[in-house]
Amino acid sequence: MELTGAQILLESLGREGVDVFFGFPGGAVIDIYHQIPNYPNLKHVLVRHEQGAIHMADGYARATGKVGVCLVTSGPGATNTVTGIATAYMDSIPVVIITGQVPTPLIGNDAFQEVDIVGITRPCTKHNYLVKDITKLAKTIKEAFFLARSGRPGPVLIDLPKDLQQKTCFYSYPKKIAMRSYNPHYDPNVKQVRKVAELLCRAKQPVIYAGGGVVGSGASDELTSLAQTYNVPVTATLMGLGCFPGDHPLWLGMLGMHGTYAANHSMAGADLILAVGARFDDRVTGKLSEFATKATMVHIDIDPTSIQKNVRVDVPIVAGCHEFLVALNAQLPEVAKAAAEKDEFVPKDKWLAQIAEWKSKHPLRYKPAVPGGFIKPQSVVEIIDKLTRGDCIIATEVGQNQMWAAQFFNYRKPRTLLTSGGLGTMGYGFPAAIGAQAAYPDKLVIDVAGDGSIQMCIQELATAVCYNLPVKIVILNNGYLGMVRQWQELFYEKNYCSTCLDVAPDFVKLAEAYGAAGFRVTDAKDLEATLKMAFQTPKPCIVDVVVDPEENVYPMVPAGKSITEMILV
Amino acid sequence: MRHILSVLVENEPGVLSRVSGLFSGRGFNIETLNVAPTLEEGVSIMTIITTGDEQIVEQIIKQLRKLVTVIKVVDLTEVKNVEREMLLIKVSAEDAKRAEILRIVDVFRCKVVDVGFDELTIEITGTQDKLQALLNLMQRFGIKEIARTGAVAMRRSMQ
Chain A
224 MELTGAQILL
234 ESLGREGVDV
244 FFGFPGGAVI
254 DIYHQIPNYP
264 NLKHVLVRHE
274 QGAIHMADGY
284 ARATGKVGVC
294 LVTSGPGATN
304 TVTGIATAYM
314 DSIPVVIITG
324 QVPTPLIGND
334 AFQEVDIVGI
344 TRPCTKHNYL
354 VKDITKLAKT
364 IKEAFFLARS
374 GRPGPVLIDL
384 PKDLQQKTCF
394 YSYPKKIAMR
404 SYNPHYDPNV
414 KQVRKVAELL
424 CRAKQPVIYA
434 GGGVVGSGAS
444 DELTSLAQTY
454 NVPVTATLMG
464 LGCFPGDHPL
474 WLGMLGMHGT
484 YAANHSMAGA
494 DLILAVGARF
504 DDRVTGKLSE
514 FATKATMVHI
524 DIDPTSIQKN
534 VRVDVPIVAG
544 CHEFLVALNA
554 QLPEVAKAAA
564 EKDEFVPKDK
574 WLAQIAEWKS
584 KHPLRYKPAV
594 PGGFIKPQSV
604 VEIIDKLTRG
614 DCIIATEVGQ
624 NQMWAAQFFN
634 YRKPRTLLTS
644 GGLGTMGYGF
654 PAAIGAQAAY
664 PDKLVIDVAG
674 DGSIQMCIQE
684 LATAVCYNLP
694 VKIVILNNGY
704 LGMVRQWQEL
714 FYEKNYCSTC
724 LDVAPDFVKL
734 AEAYGAAGFR
744 VTDAKDLEAT
754 LKMAFQTPKP
764 CIVDVVVDPE
774 ENVYPMVPAG
784 KSITEMILV
Chain Z
169 MRHILSVLVE
179 NEPGVLSRVS
189 GLFSGRGFNI
199 ETLNVAPTLE
209 EGVSIMTIIT
219 TGDEQIVEQI
229 IKQLRKLVTV
239 IKVVDLTEVK
249 NVEREMLLIK
259 VSAEDAKRAE
269 ILRIVDVFRC
279 KVVDVGFDEL
289 TIEITGTQDK
299 LQALLNLMQR
309 FGIKEIARTG
319 AVAMRRSMQ
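Protein sequences appear in the order of chains A and Z. 670 is the number that our numbering gives to position 447 of the first sequence; each next residue is one higher, with no gaps. 320 is the number that our numbering gives to position 152 of the second sequence; each next residue is one higher, with no gaps.
Read the hints as simulated data drawn from the structure, not as lab findings. This one's a predicted model, so the numbers in the text were calculated from it and none came from an experiment. Please note that the accuracy of each hint is not assured.
Stated by the list, open to error - No farther apart than 27 Å at their CA atoms in a straight line, the calculated lysine-lysine pairs in the DSS-like style are these: (1) A:LYS359 - Z:LYS240; (2) A:LYS359 - Z:LYS234; (3) A:LYS532 - Z:LYS279; (4) A:LYS414 - Z:LYS279; (5) A:LYS666 - A:LYS609; (6) A:LYS399 - Z:LYS279; (7) A:LYS584 - A:LYS418; (8) Z:LYS265 - Z:LYS248; (9) A:LYS590 - A:LYS427; (10) Z:LYS312 - A:LYS355; (11) A:LYS510 - A:LYS414; (12) Z:LYS230 - A:LYS532; (13) A:LYS399 - Z:LYS234; (14) A:LYS418 - A:LYS355; (15) Z:LYS234 - A:LYS365; (16) Z:LYS240 - A:LYS532; (17) Z:LYS240 - A:LYS398; (18) A:LYS560 - A:LYS532; (19) A:LYS398 - Z:LYS234; (20) A:LYS359 - A:LYS398; (21) A:LYS584 - A:LYS510; (22) Z:LYS279 - A:LYS362; (23) Z:LYS279 - A:LYS365; (24) Z:LYS230 - A:LYS418; (25) A:LYS414 - Z:LYS230; (26) Z:LYS230 - A:LYS365; (27) A:LYS362 - Z:LYS265; (28) A:LYS510 - Z:LYS279; (29) A:LYS609 - A:LYS427.
Said to hold, decoys possible - Far from chain Z by the CB rule (all over 12 Å, computed), these chain A residues: (30) GLU234; (31) GLY342; (32) THR391; (33) THR519; (34) GLU564; (35) LYS584; (36) LYS590; (37) VAL769; (38) PRO772.
Every residue gets a Cβ at the ideal spot worked out from N, C-alpha and C, and that includes glycine.
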């Protein structure tokens, strides 16, 4: 079948299972847009800014586990996606970005809307392509999707010059893919797995430290079953939240800079740490030389570069988290039995009792609001948890809102939290929520936002209204860039330079101006009812909650300190 | 410690930039880097000399392997290897100095590849130590210009 490049692209997207994609047209992609109406199974969501498109594709990918796709034009269209590409790259999210490019003969001439986007995105994509030969287009698309979703997932960019969109060639979509230079290794070494099983049976104080890899590889059930069967407490990174039920007795809470007392002290006291699909980020480890010094360290990661990068590892295992946990769960009964026969199986009761004490002495808490005083932002998240019982998807912006959403909501299932963990991209949450809502039109999708972050991609309200994607934005409005203000308060002599947002839009009117619904809450007694009403309103909503302007996120470990040196409430 | 990495890559546009960008982006050192085609069409070989402690070199190798266009990475420092680099050196050689320079060229078993009225261009191949020794000796005559290839290396047949 003879097709144009534009047709080949859209046809191939269909073959890769794409049902919805996000984009913004321009001169260098008109040929593709010209063909979109001929592919009714591919739903295109027109955004208002290309950054919105890439975050939506990312949010779609995180919520579904499928590859998210965005389509933008050359030059500024392409550069506007860079922040979102880096966001997806840092958090290992499978996204394919199609950028238009000026016609091949013009490349390198500083043509109108020309930019070397392949050069620009080289360090923040898993891989990228400039297609110069129409006969290689189908294969390139196949490879791009394969790369994006396999191994350690990540964003892959395809730069497609305008003349190639118009050229034709015979189309056949490759069924299989073989790349001699890329072979991700999923299956764990059997001996290493056995070693882990033995360590786990004999450990007195084990902890599972789970990361985004558990969510990404779909290994939550295996992890939960492992922890439950052998009584191993679980903590997770921001990216890992939801991989283990947040209401389970073995759940320690998130660890790290704003982690729980129990989680950080468990890491410090552990004699065995099972790091599964996590990468020992500086926000997790604090001062490296004092991090988990007593523990035998087992690290499972699909990406060999993550292992031994920051922390010495005693048992390195390059494998998929899912494959590893399946293998471990299979070996454990036999190993446990053998250990028990030799009287070497250590019950974890003492350790769990110690943890229970930490949990009850230092739970997550905050100073309750004084009567008639400001609403506490933490209570807003708690009420969302209470109203939804976890049956919703939470997206967050970045800063205090993100940390409170991480701390005070119990994520019970994987893929229910969409947050920019690695790059910390303000403006991520709302478009990501739209992406998730596009995938699940009937689910409740809530963006927990700050008054600062929400203004970074607020223009996407038009997109949400246009496609009736009824995302709920809950703004914890404290009138500050709260997290920076918190640092200024604690470490910079309260010099609140440029963190006070004294001029802000009226968010209720703003919502209404876009055709969405707006609510404002200033009194704690109205909070629950208003949130409930918003959640039941069948269109996009902003709930502007005026909260305590100088509330801080606690616990907090000052940057560079050991994770047990916590500032508590 | 100094390491010689032999990196087999897909010979396609941008591959050099991917590798060099990896080094600069992550703060790794490149002492020398040499790229050339291999016998196999579409495959090039890079020889990279880098320095760093064990943990850093381990990261460098893993990060290189992670690049989609990199086919294979070998740390030649771990095996017996033969390493060579070529240097062209243009040295001022007025009549009074010329005989002495030619004597040194003889001792080093290198050769003169270009002659001018008052300068000579010498080609030398060897280990970096040998090249450095010649450079040191030529210093006093006045070195006008040098160009060097960066090292290339191979695993020795008899290990």
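- Message: Need the list of violated hint numbers for this structure, in ascending order.
- Response: Hints 3, 4, 6, 7, 8, 9, 10, 11, 14, 18, 22, 23, 27, 28, 29 and 31 contradicted; others consistent.
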